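Following the hints, position chain B against chain A.
Protein chains: 2
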Amino acid sequence: MSAADTTPDELKAILAAAATAATEWALRSAAERAAALTAVADALDAAATKLVPIAQEETFLAAGRLTGELKRTTFQLRLFAELLTDGGYLDARIDHADDAWPMGARPDIRRVLEPLGPVLVFAASNFPFAFSVMGGDSCSALAAGCSVVLKAHPGHPRLSAAVGRIAADALRAAGAPEGLLQLIYGTETGRDALLDPRIKAGAFTGSIAGGRALFDLATSRPEPIPFYGELGSVNPVFVTEAAAAGRGAEIVAEFVASYTLGAGQFCTKPGILLVPADSGMVEELSSAARPEAARLLNDRIHSGYLASLSGLLEHDAVDSLGATEGAFDAPPAPALTTTTASALLADPEGLITECFGPSALVATYRTDDELLAVARVLNGQLTATIQGEESDAVAPELVRLLAKKAGRVLWNQWPTGVSVTYAQQHGGPYPATTAPTSTSVGTAGITRFLRPVAYQGLPAHLLPAAVRDDNPLGVPQRVNGKLAGQ
Amino acid sequence: MSAADTTPDELKAILAAAATAATEWALRSAAERAAALTAVADALDAAATKLVPIAQEETFLAAGRLTGELKRTTFQLRLFAELLTDGGYLDARIDHADDAWPMGARPDIRRVLEPLGPVLVFAASNFPFAFSVMGGDSCSALAAGCSVVLKAHPGHPRLSAAVGRIAADALRAAGAPEGLLQLIYGTETGRDALLDPRIKAGAFTGSIAGGRALFDLATSRPEPIPFYGELGSVNPVFVTEAAAAGRGAEIVAEFVASYTLGAGQFCTKPGILLVPADSGMVEELSSAARPEAARLLNDRIHSGYLASLSGLLEHDAVDSLGATEGAFDAPPAPALTTTTASALLADPEGLITECFGPSALVATYRTDDELLAVARVLNGQLTATIQGEESDAVAPELVRLLAKKAGRVLWNQWPTGVSVTYAQQHGGPYPATTAPTSTSVGTAGITRFLRPVAYQGLPAHLLPAAVRDDNPLGVPQRVNGKLAGQ
Chain A
1 MSAADTTPDE LKAILAAAAT AATEWALRSA AERAAALTAV ADALDAAATK
51 LVPIAQEETF LAAGRLTGEL KRTTFQLRLF AELLTDGGYL DARIDHADDA
101 WPMGARPDIR RVLEPLGPVL VFAASNFPFA FSVMGGDSCS ALAAGCSVVL
151 KAHPGHPRLS AAVGRIAADA LRAAGAPEGL LQLIYGTETG RDALLDPRIK
201 AGAFTGSIAG GRALFDLATS RPEPIPFYGE LGSVNPVFVT EAAAAGRGAE
251 IVAEFVASYT LGAGQFCTKP GILLVPADSG MVEELSSAAR PEAARLLNDR
301 IHSGYLASLS GLLEHDAVDS LGATEGAFDA PPAPALTTTT ASALLADPEG
351 LITECFGPSA LVATYRTDDE LLAVARVLNG QLTATIQGEE SDAVAPELVR
401 LLAKKAGRVL WNQWPTGVSV TYAQQHGGPY PATTAPTSTS VGTAGITRFL
451 RPVAYQGLPA HLLPAAVRDD NPLGVPQRVN GKLAGQ
Chain B
1 MSAADTTPDE LKAILAAAAT AATEWALRSA AERAAALTAV ADALDAAATK
51 LVPIAQEETF LAAGRLTGEL KRTTFQLRLF AELLTDGGYL DARIDHADDA
101 WPMGARPDIR RVLEPLGPVL VFAASNFPFA FSVMGGDSCS ALAAGCSVVL
151 KAHPGHPRLS AAVGRIAADA LRAAGAPEGL LQLIYGTETG RDALLDPRIK
201 AGAFTGSIAG GRALFDLATS RPEPIPFYGE LGSVNPVFVT EAAAAGRGAE
251 IVAEFVASYT LGAGQFCTKP GILLVPADSG MVEELSSAAR PEAARLLNDR
301 IHSGYLASLS GLLEHDAVDS LGATEGAFDA PPAPALTTTT ASALLADPEG
351 LITECFGPSA LVATYRTDDE LLAVARVLNG QLTATIQGEE SDAVAPELVR
401 LLAKKAGRVL WNQWPTGVSV TYAQQHGGPY PATTAPTSTS VGTAGITRFL
451 RPVAYQGLPA HLLPAAVRDD NPLGVPQRVN GKLAGQ
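Protein chains in written order, with full-length UniProt numbering: chain A, 1 to 486; chain B, 1 to 486.
Be a bit skeptical, because a hint or two may be false.
Unchecked claim - Coverage of chain B stretches by chain A, computed from C-beta distances (three or more under 8 Å per stretch; other residues unrestricted):
no.	segment
1	273-282
2	423-433
Unchecked claim - Just a few of them, taken from the derived set where beta-carbon distance is under 8 Å, the chain A residues facing chain B:
no.	residue
3	60
4	67
5	68
6	85
7	88
8	95
9	226
10	399
11	407
12	423
13	427
14	450
Simulated from the structure, these hints should not be mistaken for lab results.
The structure presented is a predicted model; accordingly, all values stated were derived computationally and were not measured.
Glycine included, every Cβ here is placed at the ideal spot set by N, Cα and C.
Looking at chain A on its own, in the form it has when it is part of the complex (with noise of 0.2 Å):
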């Protein structure tokens, strides 16, 4: 089944409401605003057992994954809920009247962080739950006061439909404004109401080829506005010599799961690994088990994730590494390539490149230099990984490389799996996203729809709330300078 486009007068409607949305919800209070995150949280639980199996159908990933992944989608929303009664992502700071401001005299000037207005979501194929209707981008859209227009994706039509229903409903339910959550269908719906002068941000997560469009659309609009796109990366994970001689073993064990989890349809799959040569992890990953095969999200991730597989074997330098078959059958059984660290120098640009679907490549460094080298050769990542050992002497240096390159840098530890928490950051430089000082994932994505405004001179009962000397709210001031309280 897929749904029929929306029509431009649909969405000329949509639009119209959207904007209508905007203005009456950003003047709710925060708790206002939590109550009804919350409420659409309860809902989506309460339909689990009818949305799971629809996810299911449609996206061909497991039902315990479906059900953990609705568990984080619910649980973000109550997250960014318990966000807004804190209020310390207002950034709210006061300046008083001084006559003495070594400048000279300063006014009084407040400044707090307010919501921008309609923002446009386009939903991901690969999380149906937790980067789709209401995902971490409309989520954090909502609780920063602002509506959402959702592009739904069409791997997932059904399931779009029934979670913006139980959302839209329990959102009027909790007495938000009509038209504060609305799906748009269609390619060119899409760009059409990217370019509409209402919509004041987008968002979204997919491909480099499609987000670098949008972003293009966005930035060339007559009011060009903010357009946060989570692209592509490979997730490079650094073996050093000391962690492959001491668990080489256990460290193929752990790459395999983490490269083939959700058939590797995963922003976070690690893609590359650095292995010393020599080391035998070579060998090992050659002859480690791999899970079965499982089916990918739709055929055009398929036949995307065959031709990069197909065009990566081509390559001079590349070779498969263990057991080939059924790599290119339908489902496709996970794969392994290999090649050198000193082919990657060579040819970053055609052999540092994602290919989404379940395999990864494995290449084999000499030095540490060369290590070093390929750290430096790395364009923008979501995600860099070190699997070290304390005394590793490369350690520090690799880090400081991979912070510069990659918006997480990981120890011991495997990248997909990204936990909401308040300090993630799910970002990085192009190609990894089209806004390097941003995240999509954890309480800070919130900053991504707001915008400073200061107030100079007005009267108490003028200004926010959040602002005032009296503070109703209780958020967390900047007082002069100083955090009020320290």
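Same frame as chain A, now just chain B:
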């Protein structure tokens, strides 16, 4: 005198040095960076009697104004040095591992803001100190830990060279890496530099056309980068009926002082004044004393100003207001034009446009609804001002509408004179800026040049100091979602 354009070979060496300097500078402690900024401030203050006369010769701005601007510039450097010592700008977050985290066990994650890399700053003409070589953009980029390539403005080449030399010497003497601040000259050189992959962010203050062209370049790169352009604004002022009745004469005098300040060459110049029809304010404005003609910054600004003013006067709905002698002379005498709110509503694009120089448009309105309607058709603004009385029934809705359009909303004050403080917000939706979520004045401006990095599971000795449990820098840390100490 004009400086020779930087050659492609020179630019190559400059960019290479900027990249090396960025790597070294990012490793320096906050204390070292603070000391270096303070050293620059001291050196510029010490050279005031030498620098101000050069600025006067090159810009025709008054000595008093320039002396104040230099004071602002060095104050700003010292304020950012303080900010570095405080460390709150790092937004340090620590989530300890938690097996009971509701969505599933969470790992140890620590997140901190780190420098983006070399920043290209385009200097402005109208603030030869405060928005030029060592202005707010350079200051916040250097404070953030980035190196700066500074595209000098051709309007004050000798001053640029002198400030650049003094600053670079002071930085060197304070132990900063070579190449931390370098000047380049020439429009083409600036464009070439912006397209270089080593440049990781751009900052600009100037015209809409110039800024948009650079924004388009920055976003069209293979690796698009953040581009913080502060462009144009008309900074409308809304005078309520009660304010006009109560203190019309005072408002007129203050308005004239504000729109003619610095010969009207401020991005915060109040370019439109909305006054109640039949309030007598138009007559007061018509006969109000205006300051003497003052020479504009350069011939291009002068001819651009005359073109905008003529264009406006050719509009069917616009007339001159009061004295017109000398308005088109060199130097141009301050001028006023007049129209109605209904004309603004009928042709917002034609009438609500920046006219950079000593003139402003006075628009009469008949009802509060008309006043609110004008607020609704505004495009993005740096500032919007209300001259009102606390009892004004229109004020709450007017504040709300203006906060959606402007970065700073003022009450019974004037937008010219942007204090550098913790809560300042100098920004706004396009075309006020190309980055509505940021500010180019005030301590929050440092965030433009930082990106978050999360560290997952790292041993303490590999973590940045700001996110270590022992907090050796004593920076504010948000631990498990709560600000430590609160």
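We went through each hint and held it up to the structure:
1. 273-282: This one is violated; 0 residues, fewer than the three required, reach chain A with a Cβ under 8 Å.
2. 423-433: The restraint on the segment 423-433 of chain B holds, since 7 of its residues have a Cβ under 8 Å from chain A and three suffice.
3. 60: violated, 22 Å
4. 67: violated, 11 Å
5. 68: holds, 7 Å
6. 85: violated, 11 Å
7. 88: holds, 7 Å
8. 95: holds, 4 Å
9. 226: Nearest chain B Cβ about 6 Å off; hint holds.
10. 399: holds, 5 Å
11. 407: holds, 6 Å
12. 423: At about 4 Å, which falls below the 8 Å cut-off, the nearest Cβ of chain B leaves the hint on residue 423(A) intact, so it holds.
13. 427: Since chain B brings a Cβ to about 7 Å from residue 427(A), closer than 8 Å, the hint holds.
14. 450: This interface hint holds because 7 Å falls under the 8 Å limit.
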